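Participant: These protein sequences, in sequence, are chains X and H. Each residue of the first sequence is one higher than the one before, counting from 1 in our numbering. Each residue of the second sequence is one higher than the one before, counting from 1 in our numbering.
By construction, these hints were calculated from the structure, which means they are not laboratory data. Because the structure is a prediction, the values reported are computed rather than measured. Don't be surprised by glycine CBs; every beta carbon is placed ideally from N, CA and C. Watch out, some of these pointers could steer you wrong.
Here are the simulated lysine to any residue pairs, SDA-like style, with alpha carbons at most 20 Å apart [what the hints assert, rightly or not]:
#: 1; chain 1: X; residue 1: K65; chain 2: H; residue 2: E122
#: 2; chain 1: X; residue 1: K65; chain 2: H; residue 2: W116
#: 3; chain 1: X; residue 1: K190; chain 2: H; residue 2: G38
#: 4; chain 1: X; residue 1: K197; chain 2: H; residue 2: A31
Here's a subset of chain X near chain H, in silico, CB distances under 7 Å, partners left out [claimed, not checked]:
#: 5; residue: P185
#: 6; residue: L189
#: 7; residue: K190
#: 8; residue: V192
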Amino acid sequence: MSRIIACYKWVADEADMKINPDMSVDLSKAKGKISDYDRNVIEAAVQMAKISGDLAVTLTFGSPKAKLSLKDALSRGPAEGFWVNSEMAEQADGAASAKVLAAAIDKIGDYKLIICGEGASDTFARQVGPSIAARLGIPCVSSAIKMELSGNEVKVSRKLEDGIEIVAAQLPAVVCILPEINRPPIPGLKAVLDAGKKPTREYKIEELGLLDSDLGARNETIEFKAYVMNRKNIVLDGETAVDKVQALVGSLKKEGII
Amino acid sequence: MGEENQFDAVVVGAGPAGLACAYLLAKAGKAVLIIERGDAPGAKNVTGGRIYAYALNLLDQELLEDAAWERKVSHEEIMIIDGKRSITIDYHDPSLTEGDQSIQSYTVLRAVFDQWMAGKAEEVGAMLVCGIRVDDLIQREGRVVGVIAGEDEIYAEMVIAADGVNSIMAQKAGLISDLKKETVGVGVKEVIELPAKTIEERFKLSQNEGSARMILGCTQGIHGGGFLYTNRESISLGCVFMPQEIVQHGQQVHDIFQELKMHPAIYPLIQDGKTVEYSAHLVSEAGLRGMPAQLYKEGLLLVGDSAGLVINTGYSIRGMDLAILSGIAAARAILGENDRSKIGPAYLAEMEKICLLPTMRLSDGYTQLLDIPRIYSNYPQLAIGVMQRLYKVDGQIPQNLKKQVMEAIDESGLTLWQMIKDGFKGVRSI
Numbered sequence: 001m002s003r004i005i006a007c008y009k010w011v012a013d014e015a016d017m018k019i020n021p022d023m024s025v026d027l028s029k030a031k032g033k034i035s036d037y038d039r040n041v042i043e044a045a046v047q048m049a050k051i052s053g054d055l056a057v058t059l060t061f062g063s064p065k066a067k068l069s070l071k072d073a074l075s076r077g078p079a080e081g082f083w084v085n086s087e088m089a090e091q092a093d094g095a096a097s098a099k100v101l102a103a104a105i106d107k108i109g110d111y112k113l114i115i116c117g118e119g120a121s122d123t124f125a126r127q128v129g130p131s132i133a134a135r136l137g138i139p140c141v142s143s144a145i146k147m148e149l150s151g152n153e154v155k156v157s158r159k160l161e162d163g164i165e166i167v168a169a170q171l172p173a174v175v176c177i178l179p180e181i182n183r184p185p186i187p188g189l190k191a192v193l194d195a196g197k198k199p200t201r202e203y204k205i206e207e208l209g210l211l212d213s214d215l216g217a218r219n220e221t222i223e224f225k226a227y228v229m230n231r232k233n234i235v236l237d238g239e240t241a242v243d244k245v246q247a248l249v250g251s252l253k254k255e256g257i258i
Numbered sequence: 001m002g003e004e005n006q007f008d009a010v011v012v013g014a015g016p017a018g019l020a021c022a023y024l025l026a027k028a029g030k031a032v033l034i035i036e037r038g039d040a041p042g043a044k045n046v047t048g049g050r051i052y053a054y055a056l057n058l059l060d061q062e063l064l065e066d067a068a069w070e071r072k073v074s075h076e077e078i079m080i081i082d083g084k085r086s087i088t089i090d091y092h093d094p095s096l097t098e099g100d101q102s103i104q105s106y107t108v109l110r111a112v113f114d115q116w117m118a119g120k121a122e123e124v125g126a127m128l129v130c131g132i133r134v135d136d137l138i139q140r141e142g143r144v145v146g147v148i149a150g151e152d153e154i155y156a157e158m159v160i161a162a163d164g165v166n167s168i169m170a171q172k173a174g175l176i177s178d179l180k181k182e183t184v185g186v187g188v189k190e191v192i193e194l195p196a197k198t199i200e201e202r203f204k205l206s207q208n209e210g211s212a213r214m215i216l217g218c219t220q221g222i223h224g225g226g227f228l229y230t231n232r233e234s235i236s237l238g239c240v241f242m243p244q245e246i247v248q249h250g251q252q253v254h255d256i257f258q259e260l261k262m263h264p265a266i267y268p269l270i271q272d273g274k275t276v277e278y279s280a281h282l283v284s285e286a287g288l289r290g291m292p293a294q295l296y297k298e299g300l301l302l303v304g305d306s307a308g309l310v311i312n313t314g315y316s317i318r319g320m321d322l323a324i325l326s327g328i329a330a331a332r333a334i335l336g337e338n339d340r341s342k343i344g345p346a347y348l349a350e351m352e353k354i355c356l357l358p359t360m361r362l363s364d365g366y367t368q369l370l371d372i373p374r375i376y377s378n379y380p381q382l383a384i385g386v387m388q389r390l391y392k393v394d395g396q397i398p399q400n401l402k403k404q405v406m407e408a409i410d411e412s413g414l415t416l417w418q419m420i421k422d423g424f425k426g427v428r429s430i
């Protein structure tokens, strides 16, 4: 029995985000949550493990605040939760996160499949999955909307702009998934209660053979601002419903939406 | 704890009543599970926002010391509105912010307060699960033995229904039927954010001081009233109405509330504020008469709003403190009685001892008084009319006071006979 590792990110809940009058963004009151897309990641790992008889586990790189995520993640079905605890996670970019996660995956060992979200719901930089694969020297398949394990391979349907591509990759592999791959259920009462009893494992950066100085972000966020999209306030006139619909279609075409 | 029972107690609802009970049970070493429907404690309720500190003190003195409150209430205000005119009476006692904490009251924001209280219950060992709705009770031979949430069944020695007004648990247990329209009000509330300094200036508060205001005459003659509480950096402003009267008047709750917000005596208080929360909820309004005839069934106790424990005197509203008292009484009954069939009666006895039921009985008169429809339009109009005449200096020969008052009575549409009757009822009921 090998491990199927679901990587997730603990992000600020955008619902609690506040925009100040000068358009700066206040996240000080925002609670944390598992990135929306990563709920699909955890569900995908659980589903795959159920079919293949492997062990679904979760892995996150986060600050001490991310401790809250472990129970939430495990209530979604995986058997064990791994957490690399470091303040450095707050400013880590994709490269640094991938470095840490790859080292943790190496440490966890005996993995068959790594599942990541196509991007995180806060930055959506789409770097972590491919970077982990590069560091581990294993294949990476992105934009997955369906996957299947068969023998020593994973068969993945990739959603492209104008079609579906089906590819096969040697295991172990990293698969980055799109949210349409599944619909993660809301954990039930027993699942939540069981989550508290499941094993969790915390790693420090040093245990992974890394130093804080290895994790400096190469991208620095200089400014984080909101933008306003003004409503166009167009009222469509027309005698009949047909007229109105035609006016709407015309208007949407003019805007380049359809 | 029996083989089948996973918990000594399951508490449905993480509000003050359920959390008080869970806290005491867990502290006494019981295995307690709290199930909350909202994503976090305090997420689902709507409350004006004042808690009386004595109740927390009774629960645990240590808790009182770091309670998550907003401001200490030292201004008790009554506001009477008629049209654009208003009278505000402000009783200020600065000593209420210092010294004996157990006679103080605090304004609270429930999203903050309930989470703090839940944290305390978890610290002493209670287990809290949020985002789960309990759908039903498991009942065997007339006894409640657990709860059902989705596909999961959880068994417990005792279930505590702390799921608020219109309690689903109490309904499933057959202790209450569908709500009667005259026993509940509809409450709407906005939390309006303002800088602490602005609030202190507008309400003439020193730091930490707060005001609690009841507003009469703001409901366009409908049985109901308004409230305003100052929090640290926000104002809770709301209205409660009797729903069937709103329908009869053909009005919208939202419109009446908007009019209150725009009232010349209210608007300057909330001006430039930002509404950060808008909510609506049922409010138990009937006092003693709104309480279920039975507050327990074997294996089940009703606490807080589920038990209809709300007192509205017209000059203040109490709910959270009564909720905590009922939670304490429930915990004491469970801890003090081993025979499960005797816990229910023991709960009632504890409620007597903690002065909860006597208080409910005493307040019943207020409910009768507040049933007088004239309280919501004619009397506010009369008070304002008298004031208007009292302060009017226009160079004409002033009329004597008695004549002015009689004029104001005429204008308000009241008759002397009605006033005598209402006055008699008032004295008798209080």
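Participant: Does each hint fit the structure? Answer for all of them.
Facilitator: Structure-based check of all given hints:
1. Using a Cα cut-off of 20 Å, the hinted pair K65/X and E122/H holds, with the two alpha carbons roughly 18 Å apart.
2. Note on K65/X and W116/H: the hinted pairing holds, with a Cα-Cα distance of about 17 Å set against a maximum of 20 Å.
3. Taking the CA atoms of K190/X and G38/H, the gap is near 17 Å; set against the 20 Å cutoff, the hint holds.
4. Between K197/X and A31/H, the direct Cα distance comes to roughly 15 Å. Compliance with the 20 Å bound is thereby established for this hinted pair.
5. About 10 Å separates the beta-carbon of P185/X from the nearest beta-carbon of chain H, more than 7 Å, and the hint is not met.
6. Residue-level restraint check for L189/X holds (minimum Cβ-Cβ distance to chain H is 4 Å; threshold 7 Å).
7. With a cut of 7 Å, the hint placing K190/X at the interface with chain H holds, because the nearest CB-to-CB distance is about 4 Å.
8. Because the smallest distance between the Cβ of V192/X and any Cβ of chain H comes to about 5 Å, under 7 Å, the interface hint for this residue holds.
Hint violations for this structure: number 5 only, all remaining hints satisfied.
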